[in-house]
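Asker: My request is simple: use the sequences and hints to build the entire structure.
There are 2 protein chains.
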Amino acid sequence: MTSTATAEDLGTRIEEALRRRFSERSAAAEHYGTEFVALWQAAAEHALGGKLIRPRLLIDLLRSLTPAGLTIAEVERAIDVAVHVELLHFAFLLHDDVIDGDLIRRRRPNLIGSLVERRSTEPAEPALHWARSSAILMGDLLLASAVLGFARADVSSDARTRLLALLEQTIFETVAGEHTDIGLSDGIIAPDLRTILSTSAYKTATYSFVLPLRAAAVLAGSSPAAEEQLTAIGRHLGLAYQLQDDLLSVFGDPEAHGKDAFSDLREGKETAIIAYARMTGHWPSIELRFGSMDLSVADASDIRDRLRECGAERFVRSLVQEQLGAVSTILGEAESAGTISPAAGRTILGLTSRIEGRTV
Amino acid sequence: MTSTATAEDLGTRIEEALRRRFSERSAAAEHYGTEFVALWQAAAEHALGGKLIRPRLLIDLLRSLTPAGLTIAEVERAIDVAVHVELLHFAFLLHDDVIDGDLIRRRRPNLIGSLVERRSTEPAEPALHWARSSAILMGDLLLASAVLGFARADVSSDARTRLLALLEQTIFETVAGEHTDIGLSDGIIAPDLRTILSTSAYKTATYSFVLPLRAAAVLAGSSPAAEEQLTAIGRHLGLAYQLQDDLLSVFGDPEAHGKDAFSDLREGKETAIIAYARMTGHWPSIELRFGSMDLSVADASDIRDRLRECGAERFVRSLVQEQLGAVSTILGEAESAGTISPAAGRTILGLTSRIEGRTV
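In order, the protein sequences belong to chains A and B.
Numbering follows my numbering, with no gaps: position 325 of the first sequence is 325.
Numbering follows my numbering, with no gaps: position 321 of the second sequence is 321.
The set of hints was computed from the structure by calculation and includes no laboratory data.
Where a beta carbon is used, it is the ideal one built from N, C-alpha and C, also for glycine.
Don't take each hint at face value.
To be verified - Which chain B residues stay away from chain A? Per the calculated CB distances, all over 12 Å, these: (1) R25; (2) A44; (3) G50; (4) A68; (5) H129; (6) S134; (7) A144; (8) L164; (9) T195; (10) E309; (11) E313; (12) F315; (13) G332; (14) R358.
Said to hold, decoys possible - In silico DMTMM-like links for lysine to aspartate or glutamate, alpha-carbon gap of 20 Å or less: (15) B/K51 / B/D96; (16) B/K259 / B/D299; (17) B/K269 / B/D245; (18) A/K269 / A/D102; (19) A/K269 / B/E125; (20) B/K269 / A/E125.
Answerer: Written as structure tokens, this is what we have:
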């Protein structure tokens, strides 16, 4: 029996599996007091309702790598692995927000912000400490859950070994990227273009793109050669995605992308755009106001214009094209070699065009 | 072939396995830049050189649960699991230190303190942010490693399932205990005696005592009944240990136990001693100075004397005896029922008397 679920069905099913996971944990939390239950419930609210990009990518690719169709049991197994990829993502977000001191994500309070809001009648300092500590602990619980989920995947022993190696490498590399990213923002690591590009790839591409693609390959029983090609594809896609994100924050429409206008410029975020601008004669005039939290819209618009004039925008757009071009090249080789099916190639190209035309 | 390693050998072998693990990771870190390598090396320095109480407990109990002796392969397997118990411990310590804002542990700089020291010529705020963020990330890496280590244990599929369930419960309960403990110190959860006792059991007993004892039982192939009895024994032992720790901090000799004299009183730590004192008429005179960071030695000595007079010391010492008595009772029942061998009983009683006579 094969499954013929549509894309909407799939989203619903992933969401349901995720919701079930949080309900189970909230129920188990009851033994440990109301505050621990409240933390689980708050975490569930923030983890649910997302776009589920990573789990969807995993299952979309798995479907297209399996032309004969997936059995219902195979879909369930894949949803289970995909849910743990999403839990890993949420664990990373929580610790990122603690490290960055953020209380807001996409204009809404994040978990920390909402825990602080609940204690708005109490002294601010312990309320903030409680909220941040809670986010560290919830991140720990979800990180451990993600690894346990992979460890318990209902697959062959060989596939589980491959999944665990993949997850280990993913966590190591993501954390390495995050560590360098903090070093860049704390002024401890020099912001050269090469470091910034590799940091983006490690911090974002590895777990958001390489992990779902390779996990799909393992579940589909693809060859190590295919897995290797998907690793390279995931890196290029992820880097293109991150560079587009950087471009949107400076040159995009805040009404559309939903982030604070120019937040990267206010925070002094070391992006590829900035790394390029540093190497040009325009830098002294940009540097003066770059990274000041009270940057006016007029000043930010002026910086944006200078980043355009100095060629940084054009350069980063060309990098995006380069990454997406590399994806096409690898896909072409993989199709000729028969390592990745044309259907899987189309799934990946669909993603490529979504990244290319991204405005949100 | 059976192994006849002595206690010193065992400590050396655990230490070596732990060192090997850190060396491998430091080598893998090289690909990600010098700062990431430096973080791994600093973490290794802090993780090595400890007393290895938890891994030793696991292996001591496993040996006494296996009268026929362990093969060399079985010892290696047990050391591998024990090393991951130690990594979990270190991961918890790191996140604890971040949450508590501590830079010192046992009068020496902890990982955060030593990372700050390396940047002593730089502005303090980014150096501290960098150090704390690094500790969050290293905690994540070691937590994930601990779970991966259990997932990869070279044991039967049934034993691995039991080990993973044990680890999941351990992490969940430890984090629940830590969460409540933070709520107590932030004034969000009421410090009644019952909450404080269960928090101590969850936060310390579960991973420091229950986990090594039960893991040994699983590796020895003991019955679920034995595992259940060891769970109860671990809780009582761990609670006794924590209560002794609280007693030492207030009534012990700081020259011997190595912590700052009266640090619990300065930090306003909600212990069973304090919870008892709150219920007595002496509390108003204690409360005035309890939890003030500039508490003088004279004032602290005065509080100590009042905690003695109000009966808090006697009460908590009786709680310790109660916990240790409960261990003897369970052991007696287990020996009669044949679920835990006399040799294993002796190992546990040895631990009981070490906790009873503890001065450091």
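Asker: Hey, is B/L164 genuinely clear of chain A, shortest beta carbon separation above 12 Å?
Answerer: Since the minimum Cβ distance to chain A is about 6 Å, B/L164 lies within 12 Å and the statement is violated.
Asker: Against chain A, does B/G332 keep a CB gap of more than 12 Å to every residue?
Answerer: Given that every Cβ of chain A is farther than 12 Å from that of B/G332, nearest at about 28 Å, it holds.
Asker: Examine each Cβ of chain A, and state whether all of them lie more than 12 Å from the Cβ of B/A144.
Answerer: violated, 5 Å
Asker: Mind verifying the non-interface call on B/E309? Its CB should be farther than 12 Å from each CB in chain A.
Answerer: For B/E309, whose nearest Cβ neighbour in chain A is about 31 Å away, the distance exceeds 12 Å, so it holds.
Asker: Against the 20 Å threshold, does the CA-CA distance of B/K259 and B/D299 hold or violate the hint?
Answerer: holds, 18 Å
Asker: Quick check for students: does the CB of B/S134 sit more than 12 Å from each CB in chain A?
Answerer: violated, 7 Å
Asker: Please verify whether B/K269 and B/D245 have alpha carbons no more than 20 Å apart.
Answerer: Since the Cα atoms of B/K269 and B/D245 sit roughly 12 Å apart, the hinted pair holds (cutoff 20 Å).
Asker: Between B/K51 and B/D96, does the CA-CA distance stay at or below 20 Å?
Answerer: Holds, at roughly 19 Å.
Asker: Could you let me know if the closest chain A CB is still more than 12 Å away from the CB of B/H129?
Answerer: violated, 6 Å
Asker: For the pair supplied as a hint, B/K269 and A/E125, confirm whether the alpha-carbon distance does not exceed 20 Å.
Answerer: holds, 18 Å
Asker: Against chain A, does B/G50 keep a CB gap of more than 12 Å to every residue?
Answerer: holds, 21 Å
Asker: What's the verdict on A/K269 and B/E125, does the C-alpha distance respect the 20 Å limit or exceed it?
Answerer: holds, 18 Å
The structure does not agree with the numbered hints 1, 5, 6, 7, 8 and 9 stated previously, though it agrees with the rest.
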